[in-house]
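Take the given structure of chain X and dock chain H to it, following the hints.
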Amino acid sequence: MNCRQARIDLALCVGEDLPEAARRESLRQHVAQCPGCRAHYKRLRGMQRVLESSDRNRTYDVGGSLWPQLSNRIRRLDESPGPASRFNGWLPFVAVTAACAMLVVVMDLRAPSSGHSPSTEAIPRSMLPGPSMFPGTSQHQGQNTFLPVGRSQQGHAMYDLESAEPHGTQPAQLKVHEPPATTDQLTND
Amino acid sequence: MAIGQQQRAADMAEALDEGNPSSDARLVEDARLGDHEAFGQLVRRYERRLLRVIQRFVRDPDLAEDLAQEAFLRVYERLDQYDASRRFGPWMFRIGVNVTLDYLRRKKRRIWGMLFTDAHRDRWPDPPAADQRAERDLQQEVWQVIERLPEKYRIVLVLRDLEGFSTSEIAAILNRREATIRWRLAEARNRFQEIWERRLGTGAGANA
Chain X
1 MNCRQARIDL ALCVGEDLPE AARRESLRQH VAQCPGCRAH YKRLRGMQRV LESSDRNRTY
61 DVGGSLWPQL SNRIRRLDES PGPASRFNGW LPFVAVTAAC AMLVVVMDLR APSSGHSPST
121 EAIPRSMLPG PSMFPGTSQH QGQNTFLPVG RSQQGHAMYD LESAEPHGTQ PAQLKVHEPP
181 ATTDQLTND
Chain H
1 MAIGQQQRAA DMAEALDEGN PSSDARLVED ARLGDHEAFG QLVRRYERRL LRVIQRFVRD
61 PDLAEDLAQE AFLRVYERLD QYDASRRFGP WMFRIGVNVT LDYLRRKKRR IWGMLFTDAH
121 RDRWPDPPAA DQRAERDLQQ EVWQVIERLP EKYRIVLVLR DLEGFSTSEI AAILNRREAT
181 IRWRLAEARN RFQEIWERRL GTGAGANA
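Residue numbers (this note's numbering), protein chains in the order written: chain X, 1 to 189; chain H, 1 to 208.
Pulled out of the complex, with its shape left as it was, chain X reads as follows (with noise of 0.2 Å):
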């Protein structure tokens, strides 16, 4: 046994907290070589007398008992909704949270992908007026090799989108074919 292993033991002795018997007989024979273990387990036993002196004359305010008021408190967390009812609470919460959240997902895949640009996002093609609403266009018809509608379509979609930015830049497909008739028409509209 070494002095650390001793002091350890030492520390248990004087509580009377060291278990084993053997280990007990080979700390008594190294303090019994060791001068510096031994005044060490003197210090440890003045230590402990310290200690017991210093709490041997203490009180504790301990009044009466806890029950009556604990008995009441625990009344009342018996009376108080249980769990399962806790989180009832909650459920309008969630539900109005989930409910925001579907709104989100289904506005963001309704919206077209990001690889267009953001003049045909403005308004999707299934969403432009039909023929009717701009007769007598129909003669620029296979003029536009850019989209497979009607000239009129074509026709007016450029001229919102002209409207609608008319000192931006337009997309360059949109402005490559652009059909010179259906403006000039659209102008004397």
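Certain hints may be false.
Stated by the list, open to error - Label pairs and their computed distance ranges (CB to CB):
1) X:98 <-> H:34: 56 to 64 Å
2) H:26 <-> X:93: 41 to 49 Å
3) X:4 <-> H:34: 49 to 57 Å
4) H:105 <-> X:53: 49 to 57 Å
5) X:72 <-> H:105: 26 to 34 Å
6) X:93 <-> H:147: 16 to 24 Å
7) X:80 <-> H:109: 47 to 55 Å
Stated by the list, open to error - Derived contacts from chain H toward chain X, CB cut-off under 7 Å, selection only:
8) 72
9) 101
10) 103
11) 104
12) 107
13) 162
14) 182
15) 186
By construction, these hints were calculated from the structure, which means they are not laboratory data. Built from N, CA and C at the ideal position, the CB exists for glycine as well.
Same frame as chain X, but now just chain H:
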């Protein structure tokens, strides 16, 4: 055996040995079934001992009572989690010690260092001895040294050397192996002795 040790042993017997495990288990079972009076018996059986332990860490008696009530409330709420094959006392003290330590940690977080600097200014109950001032001074000196120990050592030292729990009971209260508790206890005693001597400025001061 010293008077203090006799008193602690008597208290321990009152709280742990006379709290018959089988009757504890029966009371717990009755309380689980809604018998408030059964839980009341458990409270009355352990409250003095629990208050003593809590007052080791929290000097204010009113605060100690609040913490004890909180501990018993948690015990009541967790009765379903109690393993009836084990002793009720250590399980209950574990909750009480945890409630107390949680409070101290929150307090320490709020004002860092307040735990050690303010604790000795808390109100101490006056000892009935004739030389009250000397007794109180010694208590405060000792407690100031105890408070300088790291928490894991301080708890073990207090529960063993001041409250008289056995190392196996402390192991059950703190949910640690008994070997761990013994190692911490040895470390706590050695550190206490070292700090005590350094405080007195002499290597032989503790022997006085």
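Status of the hints after comparison with the structure:
1. Distance hint for residue 98 of chain X and residue 34 of chain H: a CB-CB separation of about 37 Å, inconsistent with the stated range 56 to 64 Å.
2. Checked against the hint of 41 to 49 Å, the C-beta distance between residue 26 of chain H and residue 93 of chain X comes to roughly 44 Å, which is consistent with it.
3. Taking the beta carbon of each, residue 4 of chain X and residue 34 of chain H are about 56 Å apart, inside 49 to 57 Å as hinted.
4. For the hinted restraint 49 to 57 Å between residue 105 of chain H and residue 53 of chain X, the CB-CB distance of approximately 31 Å leaves it violated.
5. Roughly 29 Å separates the CB atoms of residue 72 of chain X and residue 105 of chain H, a value that falls within the hinted 26 to 34 Å.
6. Between residue 93 of chain X and residue 147 of chain H the Cβ separation comes to about 45 Å, which falls outside the hinted range of 16 to 24 Å.
7. A C-beta distance of roughly 29 Å is found between residue 80 of chain X and residue 109 of chain H, which places it outside the suggested range of 47 to 55 Å.
8. Interface hint status for residue 72 of chain H: upheld, as the beta-carbon distance to the closest one in chain X is roughly 6 Å, under 7 Å.
9. Below 7 Å, beta-carbon pairs count as interface contacts, and residue 101 of chain H has none with chain X, the closest being about 19 Å; its hint is therefore violated.
10. Hint status for residue 103 of chain H: violated, given a least beta-carbon distance of 17 Å to chain X, over 7 Å.
11. A hinted interface residue such as residue 104 of chain H counts as satisfied when its beta carbon comes closer than 7 Å to some beta carbon of chain X; here the least separation is about 18 Å, so the hint is violated.
12. For residue 107 of chain H, the shortest C-beta to C-beta distance to chain X is roughly 20 Å, which exceeds 7 Å, and the interface hint is violated.
13. Annotation: residue 162 of chain H was flagged as interfacial toward chain X, and the flag holds, the nearest CB pair being 5 Å apart, inside 7 Å.
14. Against a cut-off of 7 Å between C-beta atoms, the interface hint on residue 182 of chain H holds, since the closest Cβ of chain X lies about 6 Å away.
15. Using the Cβ-Cβ criterion of 7 Å, the hint placing residue 186 of chain H at the interface with chain X is satisfied: the shortest such distance is roughly 4 Å.
Of the numbered hints listed earlier, those contradicted by the structure are 1, 4, 6, 7, 9, 10, 11 and 12.
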